[in-house]
Amino acid sequence: MTVLHNIHTIEESTIDVILKDGKITDIQAEEKGNDNALHLYFDNAFIFPGLINSHDHLEFNLFPQLGNFIYNNYLEWGSDIHQQDKDIINAVLKVPKQLRAKWGMYKNLVSGVTTVVQHGAVFNLNAPIDIFQDSFSLHSIGLEKHWKYKLNKLFAKNQPYVIHIGEGTDDVVFKEIDELIKWNFLKRKIIAVHGIAMNNEQAKAFDALIWCPDSNFFLYNTTAQIDKLKKETKVLFGTDSTVSADWNIWKQLRMARATGMLTDDELFNTLNLSPALVWGLSSIGSIAENKNADIVIAKLKNKEDKLDSFFSLNPEDILLIIKNEGVILFDEQLFSQLKDHIQMSDYSKIFINNTGKFVKGNIPALMNEIKKYEPEIIFPVEVE
1 MTVLHNIHTI
11 EESTIDVILK
21 DGKITDIQAE
31 EKGNDNALHL
41 YFDNAFIFPG
51 LINSHDHLEF
61 NLFPQLGNFI
71 YNNYLEWGSD
81 IHQQDKDIIN
91 AVLKVPKQLR
101 AKWGMYKNLV
111 SGVTTVVQHG
121 AVFNLNAPID
131 IFQDSFSLHS
141 IGLEKHWKYK
151 LNKLFAKNQP
161 YVIHIGEGTD
171 DVVFKEIDEL
181 IKWNFLKRKI
191 IAVHGIAMNN
201 EQAKAFDALI
211 WCPDSNFFLY
221 NTTAQIDKLK
231 KETKVLFGTD
241 STVSADWNIW
251 KQLRMARATG
261 MLTDDELFNT
271 LNLSPALVWG
281 LSSIGSIAEN
291 KNADIVIAKL
301 KNKEDKLDSF
311 FSLNPEDILL
321 IIKNEGVILF
331 DEQLFSQLKD
341 HIQMSDYSKI
351 FINNTGKFVK
361 GNIPALMNEI
371 KKYEPEIIFP
381 VEVE
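In terms of the UniProt record's numbering, the sequence shown is residues 1 to 384.
Don't take each hint at face value.
Stated by the list, open to error - Straight line, CA to CA, 25 Å or less: simulated DSS-like cross-link-like pairs of lysine-lysine:
{"hint": "1", "residue 1": "Lys182", "residue 2": "Lys230"}
{"hint": "2", "residue 1": "Lys153", "residue 2": "Lys182"}
{"hint": "3", "residue 1": "Lys97", "residue 2": "Lys145"}
{"hint": "4", "residue 1": "Lys231", "residue 2": "Lys204"}
{"hint": "5", "residue 1": "Lys182", "residue 2": "Lys234"}
{"hint": "6", "residue 1": "Lys291", "residue 2": "Lys306"}
{"hint": "7", "residue 1": "Lys306", "residue 2": "Lys251"}
{"hint": "8", "residue 1": "Lys371", "residue 2": "Lys94"}
Simulated from the structure, these hints should not be mistaken for lab results.
All chains should be modelled from the sequences, with the hints used to inform the complete structure.
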């Protein structure tokens with residue numbers, strides 16, 4: 001049993017949270033007794049559900065952002081970078097895909113993501129966070145071979161189809177949305193990614209839209225009309241990979257917030273309740289009794305406005321991440337409280353903006369292995 005003491009919630013209250021057997025078993029104003037439990041004490045900290053990142057390509061997170069001008073659509077972008085940036089692309093692709101994907105997983109973990117939806121290649125990483133792969137990935141209308149057959153394949157598993165659609169600003173990608181809707185003969189559950197060119201009527205055909213504003217603004221200098229589309233379909237948040245977006249999900253969220261197209265509550269829900277519903281993850285997405293222990297505790301910067309504190313976070317502000325049965329990340333300030341209760345050899349120490357974190361797994365070894373293939377890779381974390 002673990003007891004987390006004196007934690008603020010988004011809803012303003014201060015609580016103690018009791019965890020047992022991978023579940024949130026009780027939430028109290030103040031927990032007393034039970035000397036056999038692990039007690040962790042906090043000051044100026046708040047709790048929220050582990051983030052659900054609804055769109056990433058784990059194996060593409062060693063890239064810098066690649067783009068040389070503002071593009072009309074994804075086909076134009078892909079063609080350009082494979083000509084202008086081919087040396088960078090070839091250098092990164094020398095690193096084995098499994099290693100690249102493992103780094104992509106850690107990119108998510110250190111930012112507070114406890115579930116990431118992988119698009120494309122399937123991986124078995126034995127990861128401390130959940131990698132959701134229970135969906136059918138289609139790349140796009142323009143680049144996915146035989147997409148019409150794949151979408152309408154008989155006796156396919158009952159999974160949502162996820163596709164990049166409406167990615168750009170021209171008539172080409174707008175018409176692709178109509179083509180996809182037209183060819184969905186079997187009325188599959190389709191989750192759209194990007195939807196920059198999407199209108200309200202088209203949005204009705206999709207079970208959800210994954211919003212990736214950082215990637216959109218970098219490549220196309222605009223993003224989806226989320227303030228309008230949210231009336232017709234559910235909105236989820238996705239980071240995309242570092243080939244087109246910043247590694248830091250919190251920086252991306254501040255960009256999304258600055259558009260004013262979602263309220264703070266709506267944007268917050270794109271990371272927990274909404275994706276938990278869309279992806280069928282009923283055991284996570286909220287801090288409530290009988291939910292899985294899938295939680296993040298971070299520094300509280302503004303007691304008067306917890307959501308403002310949430311959106312002001314950075315990875316270095318995260319104090320503790322618990323996933324299912326155990327701690328997967330903790331700040332060095334918790335070392336004295338935790339060191340005698342966990343197997344420290346299972347963790348490695350990293351530094352994010354000069355702040356020490358202990359993370360489940362051997363990140364230094366992973367970084368060294370990657371650098372054997374490409375010594376010029378620059379990581380956003382440092383090791384001892």
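- Message: Under the constraints set out in the numbered hints, which ones does this structure not fulfil?
- Response: Of the numbered hints given earlier, the structure breaks none, since each of them holds.
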